[in-house]
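S.K.: Single-letter residue listing:
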Amino acid sequence: MPAELILTVAVQGILTGLVYGLMALGLSVIFGVVRVVNFAHGEMMTIASYAAIVAFGAWNIDPLVSMIPIAVLLFAMGYAMQAALINPFINRPEHSQFILLAAVAIIMVNGLLMIFGPDARNVLVDYALDSIEVGPLLIDKVRVITAVLALAITAGLFAFFKLSRIGKAIRACADNHMGALVVGLNVKRLYALTFGIGSAIVGAAGAMMTLLIDTTPNVGPVFTLQAFVIVIIGGLGSMPGALLGGVLIGLTEAMAGLFFAPSAKTMFGVAILILVLLFRPQGLLGRKA
Amino acid sequence: MIARLLHGVPKRALILLGLLLAFLLVAPLFVGNYILSVLILVLYFAYTGQAWNVMMGFAGQLSLGHSLYVGLGAYTAAALYVHFGIGPWAGVWIAIIISMAAGLVIGFLAFRFGIGGVYFALLTIAFAEFTRVGFDHFMWVNGSGGFFLPVTQYSVNDPLNLRGSPMMFYYILLTITVLAFIFCRWLLTGRIGYYWLAIREEPEAAQTLGINIFRYKMIAVAISSGMTALSGVFFAFYYNNLFPEQIFSMNRSIELILGPIIGGVGSLFGPILGAFVLTALAEALNDIMVALGYELPGVKLVFYGFCLLFVVMWLPNGIWPPLRKWLKLEDRS
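Those sequence lines, one after another, are chains A and B. Residue numbers are given in the working numbering: position 69 of the first sequence equals residue 964, and the series is strictly consecutive. Residue numbers are given in the working numbering: position 123 of the second sequence equals residue 125, and the series is strictly consecutive.
Keep in mind that the hints were calculated from the coordinates and are not lab data.
Simulated pairs of lysine to aspartate or glutamate, EDC-like, Cα-Cα distance not exceeding 20 Å:
no.: 1; chain 1: B; residue 1: K302; chain 2: A; residue 2: D1014
no.: 2; chain 1: A; residue 1: K1160; chain 2: B; residue 2: E247
no.: 3; chain 1: B; residue 1: K302; chain 2: B; residue 2: D289
no.: 4; chain 1: A; residue 1: K1160; chain 2: B; residue 2: D138
Make the full structure from the sequences, and use the hints.
M.R.: This is the structure:
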């Protein structure tokens, strides 16, 4: 196998991995603060993908543009979900929360199935097949654009949490729930805000994803699992960890698809997850609980 | 032993249980093929839910990957039958051993490395997914193309090879479900049942009292995975076809646990009640949709989702505990 081919596939895998990482970042932010695992994460991403597909089909809006209103839409959805459904469950046992979100996930997947049917859909923008020549490598243009956007959104989010007052307040809730209550923060509202932010991120990722993969309702659960794999590998609650995990998974899948069969690629991701859970359960960049 | 099983059970409960059993025994004689197939589904979910309940309801370990054990059981027995002519009643033991081994490996890794709560649930999903993709490429059982058992005519009942009419399957499954119910009652009323209760409610306190938490969690996993393998064997010989995509899927795992959750996690009768309620509602919904000439994929699962949402929000212990109170059937021990 020529070295250029392997290198090209590796670079494409890493670029795709950054978008995976952005998607998983949403999950990581939510878990890091609210301490609830969003079992409907991939399903929410699929809703965003369908929104982008509809916007492109109806009004010919590029997903890279429609991702802004879609992120706002998903923010509202996440905010409402946390405020109405999840806040009453904050003190319930973990498995109750899990089942609650699993129920939401089932409704989302099959709701999409009822509306859009099982067929795969995609968005074919006019630059979809363009590529950029880097030395001997030929890299898809959409992958470069989405990867750069994913990095930019992550940087923006990082700045938001480090610099803004609301960002600091959210981090305070994550560090010490009781302390945050004592100093008078409205923790429930901040939780809803956090869930909204995490959802907005996955919304942006979902819109971008339409340029990279075909969307069917059933990719929802697959990406939920994918997001879990990524954040656990990187470390639940760690923002750089999510990106690192995404890149690792993107690279692994690309290599597995090249050397084995594309259909076997999820097996390798899951195998890495199992290894990480066993030998470094806090994840590569996570702090020990 | 019988005294122990019956201790504290009100007479009314026994009478109602007897009536239910009598109903289930004679029901196939009066109903058509369609209702019989629905009853088989009810018993299948009741039994499998009971098996899952041992791990989650009794010992407090949330598994979201129980399709793994169904699939391993189904594929083992089916492959032994097709490739080596080994009958299901011999194959079922090997199926149980393989499923138990898988369960014990997962349990060992999780409990030894201190993986609990959400992480444990994710680990169970991960192993099920891993196995699903693995079986997609496992050509000995025809990979993703599906594995088929030879289908025989319904007129000849051959219980030894599990070949025959739905009626035969129904009575075999009923026997298995009743035995599982008695077995679980036996577990719950014994020392191990109290150990599990302690581990589920307060693991640290249980350890302080000298209970070997690791060992009893492992026993729960072994019993649960072994019981689930049996339902896989039944599935293989009843439906005669196996696809990794279906039998190992995450949806299947969730479908299996809906019954016990809606009925009542941790209670003995919860999985049975949940299976009845859920299957009956789903079939009724199906009939209504067909009658309206309105067939959409996904409707059934959206409905399941709302049932689950409703129960987990307003009846966190399932429908059996309030129903039991209403029927005045509470355990007096």
